[in-house]
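Can you build the whole structure from these sequences, using the hints too?
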Amino acid sequence: MLTVVTPAALRRLTTVEHVRNDLGLTEGDADDTKVERLIDQATAVAERFCRRAFAIETVRETIRGCAIDHVMRLERAPAFAVRSVALNGGTVDALEYELDGVSLYRLSASGSRFAWRGSMLVVEYDAGFVLPGDEPVAGAQDLPADVELAAIRLVGAIFSASSRDQLIKSEDVDGVSSVSYWVPGTKSSLASPEAEALLKPYRTVRIR
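So for the sequence shown, the numbering used here puts the first residue at 3; every next one is plus one.
There's no promise every hint is true.
[Stated by the list, open to error] What follows is a set of in silico ranges between Cβ atoms, one per label pair, in the way DEER data are often shown:
id, residue 1, residue 2, range
1, 86, 34, 35 to 43 Å
2, 98, 206, 22 to 30 Å
3, 8, 90, 21 to 29 Å
4, 10, 93, 24 to 32 Å
5, 19, 121, 49 to 57 Å
6, 36, 110, 52 to 60 Å
7, 90, 191, 39 to 47 Å
Think of the hints as simulated: they come from the structure by calculation, not from any bench.
We treat Cβ as the ideally placed atom computed from N, Cα and C, and that holds for glycine.
Below is the structure:
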């Protein structure tokens, strides 16, 4: 079970400046408020598709009801700071575990890794990426460039829903105007096929 302890104040996967530069949007096309709204919509689409949040949040993850005899793979990644670990209700000292960004290992007195064993393990940790335009956070990685690019492509797709020019597949003006547009097919989940391809490596798989 995963509980968000401290949610991110903002979750935007790109900035107004980056959207304007990449898509060529002017103030006449959309003011900053509209662009921010488009970014929020694109971010929500990306998070829903990937089944995860990208912004940094503090979360509490609990495994209970069974013996924990395996390495604990954290549900949120990349994790960069562990705030507390409790095993069977008792606090585990920071010297007795190790974080590699994805998994949490228990350490013996000699520093060797060994299995977690107990009826309940509770880990509170910080995970996520520093988003474009945000201040650096010690230990945290910047949002991957391809995720931001996917968000920008989604903004373009959402913005073009009225004019459709961003999604033109072909245009033939030879006596008679003929324009065809890309639309999501049976194998496409998102309005932008490029965004979908960019985001696929970041989709999470629920294993418990």
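Now for the hints, and whether the structure bears them out:
1. Restraint check, residue 86 to residue 34: a C-beta distance of roughly 40 Å satisfies the suggested window 35 to 43 Å.
2. At about 28 Å, the CB distance of residue 98 to residue 206 agrees with the hint of 22 to 30 Å.
3. With their beta carbons about 25 Å apart, residue 8 and residue 90 fall inside the hinted range of 21 to 29 Å.
4. Taking 24 to 32 Å as the suggested C-beta distance range, the pair residue 10 and residue 93 conforms, at roughly 27 Å.
5. Against the hinted window of 49 to 57 Å, the Cβ-Cβ separation of residue 19 and residue 121 comes to about 51 Å, which satisfies the hint.
6. For the pair residue 36 and residue 110, the supplied restraint of 52 to 60 Å holds, since their beta-carbon distance comes to about 57 Å.
7. Checked against the hint of 39 to 47 Å, the pair residue 90 and residue 191 passes, with Cβ atoms roughly 42 Å apart.
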